[in-house]
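Chemist: Listed below are the residues making up each chain.
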Amino acid sequence: MGDVLVNDKYETFVGLEIHIHLLTESKMFCGCKANYGDEPNTNVCPVCLGYPGVLPTVNERAMEMGYVVARALNCRLSRKTYFERKNYFYPDMPKNYQISQFQEPVGVEGYMDFEFGDEIKRIRIHDVHLEEDAGKMIHAGDMSLQDFNRAGYPLLEIVTEPDLKSGEETEAFLRAFRRTVRYLGVCDGNMDEGSMKCDANISINLPGAGLGTKVELKNMNSPRFVRRGLQYEAQRQASVLDEGGKLIQETRLWNENRDITESMRTKEMANDYRYFPEPDMPPFCPDDAFMAAVEEAQVELPLTRKHKLMRKYSLSSEQAEFIHDEKGNADYFERVLALGAEAQSVYTWLSSDVQKELNLLNMTLTRSPLSAERFAELLRLMEEGQISGKIAKQVLIDVFEENEDPSRIVEKKGLSQISDPAAIARIIDKVLGENEQVVQAVREGEQKQKGFLVGQIMKETGGRAAPALVQKILSEKLS
Amino acid sequence: MKDLEGWKKVLTDQDRAKKYREYITGWEKKIGSLLEWKLPEPGKYRDDGSPLSAVPFAVKDNIAVEGFKLTCGSKILEYVKAPYTATGVKNLQDSGAWVMGKTNLDEFGMGSSTDNSALQKTNNPYDTSRVAGGSSGGSAAAVAAGIVPFALGTDTGGSVRQPAGFCGIYGLKPTYGVVSRYGLTAYASSLEVCGVCARTVDTTRSVFHAMRGLDEMDQTTIDFETVSSGVKTVGVLKVEDGSLSAEVAASYETSIARLKKLGYEVREISIPAMDYVVPAYYTIATAEASANLARFNGMRYGLSPIFAESPEDLMRYSRNMGFGEEVKTRILLGTFVLRSGFQDQYYVRAQKIRTLIRQELDEIFAECDVIMLPLFPTAPFHHGQSELTSFQQKQADVYTCLANMTGSPGLAVPSSLEKGLPVGVQFMAPPCGEERLFSVAEELEKVFPAPRPAGYSEEWRS
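Residue numbers (my numbering), protein chains in the order written: chain W, 1 to 479; chain V, 1001 to 1462.
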């Protein structure tokens, strides 16, 4: 089905429920390490295993991260937030209720802006709430095994209004959202590893008729699958309506092997979650110091950053897109510029030679040996004519391999440019002496042979001779 | 402290330890109060001189104590061992007291007779054909029989006070949040608290002081700020609807007369919202229970079938086999009242009633230092439902569940023996007013101390 255009007779409405794993040291309601990749059932205790008599205690760091995200998404922040129990039976869920939020989440009624094509779109955020994750079940033959390392892991759920209009737009939004939580440092946003998950609800209707019958879509493990799942589903719903059929409210799963959605359960089979306030924890009332910390944790968000990069450094949209994708890279970029480098040159190097080296070594820029200071130094050496562009590329590789400052490498390897006219003249004299026939030919008008002489001179200096000076002195000597 | 002094040698002295064993065994054949018990190896235990040091006590089997099982009186947890110790118990252990055993209870604390235990029958020490009350029936019976000087219970709607009354001892339900609930197997989280069954007011007070305190494992614990302990005015609930049995009514009159004789200013009070307290209480209690008991599904611990087709089936079988009828009834009730679309009619309304009751009691406590009210409409009844049906037993919680709805402390005080059976009365104070309760109870104790059932003896340990 792939990228078939949706029947444009209908309007599409997509809303998302995004879950992110918060990057906290410990779990949401107990002191266990929040590290679910460890040996199964090693990060567990009576609390997260749901033993009789245990009580939850809230992780304040997770609470803070929840508020930080809600604030960044322009939500109205709750001054008295509380947890509730969401009741349903699930073999992986130790208590058979999930501690979540319902009536009074950390934030409500926000919005997020993102770029889609040339447009800035605004998606309304219904709410941002905290909850705990369940464990994991592994089916092995006729046995089912359980791992509770993930049980009680802090989750933040972000619920959007059904403001997205297509699979493509949703994919763009998700990428922008992922970038935002990474900028805030609260989640690594890794969808294939499950630290970010996304369920969607989608309905279609005739233009102007409002929302249609809602279908929930699950099991889409990347922004790409979200797009394809939604595209398929919009098309499927359109076909049903076109054929005079009726849509039913249901939950469907994206089957990535077959590229289709499949019905999982209908509305009649849906759980009644029987929410009620969690009696084991008092409401959380953030004080001024807490709110100040939330404010303190705010960063310049990706979209603002991108536009700033374009405005301040005259980058094109594509260039800024590349630079701002990771906050660390954008910070790095600006730091190199602050050290005196020129924007276009920095961009060119970052997007080509540096990127190539990073890919080769499987590194990220901010953790590579090429610190902003070293990078700025390398560019300065080139700018000042101490090394040529060609040598600079070699020095760059050496910085990665030897983890040393460019100036040190240049000095150690004797790579600095020869720009003393007398020294160059001496070398030229030597080359001319060794190639008398060629010199004769050039003097007789065969200018093409001059290139050969330049090559010989550069070879003699290991490429270090300042090219302009070589040209100038050689011409003088040959005339 | 005299009461506790007499107990200090039963763990440290080899000869007395032997007699202790015999005494326990003798009583247990008659009353079955303990599900599990053990004594330390002679000589292993030392008395460091502090009040609770080297004193044995028993703990209701829905409170976690490492080294013991944690059955909750249920088949579903029959073989489950506690992996940790409850904070209240830990505090007592830190004071030197020794957990000698775990007491029987109505399954998960749901009942007023201990007949709902799936594991054992517990009898009233005064008449073994009758119940010891519940749900902390094992704790109350063990204390009344002189097996331990005190025992811990839990009180969700009267589960410490009512059996204390039935067994002729003191039973304290502390202010909500003053004693940590960490380690108390939750039935109705917003209502319940760990309490004390003891033979004397002094012991009750000592244990309460040792148990309480802020706990980082329980975020609902509060800092105890005691209210003034002086008591001049006692509000006495007027009961004229004929709901009290003749014995209880007579005993209640005796208590009123005693208060007057002791010089208290007795003031008649009424609590109009009390008409709604039982339905509101059961709405909240069962709603919370339906969630609290969901964790028992045979997946991680507890009873489960040896084979199931799917995890879902395993959960279904485990719960069906593991829970008793009363527990299933309450889970279903709780599920019913929380259904979407019906919360306003039940759960939310019950919470409004709770607020209303709190306001009425606040008004009363502005006038009275403490209030007195009955504990239970009848004296200890016979086993089974011939005298009081399961429904009538719930209605009978009306006087005790009041304190759970408001969070106030409540104390059961022995008031008389009627036809050889103990009858108690209840005092309530505003939150953190425990000292007021002890003050009145101590005055009454001088007039009528806790009675002794036939077979009770202190000689073996003197």
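Treat the hints as calculated values from the structure; they're not laboratory data.
Don't take every hint at face value.
[As the list claims (entries may be wrong)] Heads up, simulated SDA-like pairs for lysine to any residue below, C-alpha to C-alpha not over 25 angstroms straight-line:
{"id": "1", "chain 1": "V", "residue 1": "K1328", "chain 2": "W", "residue 2": "N271"}
{"id": "2", "chain 1": "V", "residue 1": "K1029", "chain 2": "V", "residue 2": "D1047"}
{"id": "3", "chain 1": "V", "residue 1": "K1075", "chain 2": "W", "residue 2": "P46"}
Chemist: Against this structure, judge whether each hint is valid.
Modeler: Outcome of the hint check:
1. K1328/V - N271/W: holds (20 angstroms)
2. K1029/V - D1047/V: Roughly 30 angstroms between the alpha carbons, so the hint for K1029/V and D1047/V is violated.
3. K1075/V - P46/W: This hinted pair holds, its Cα atoms lying about 20 angstroms apart.
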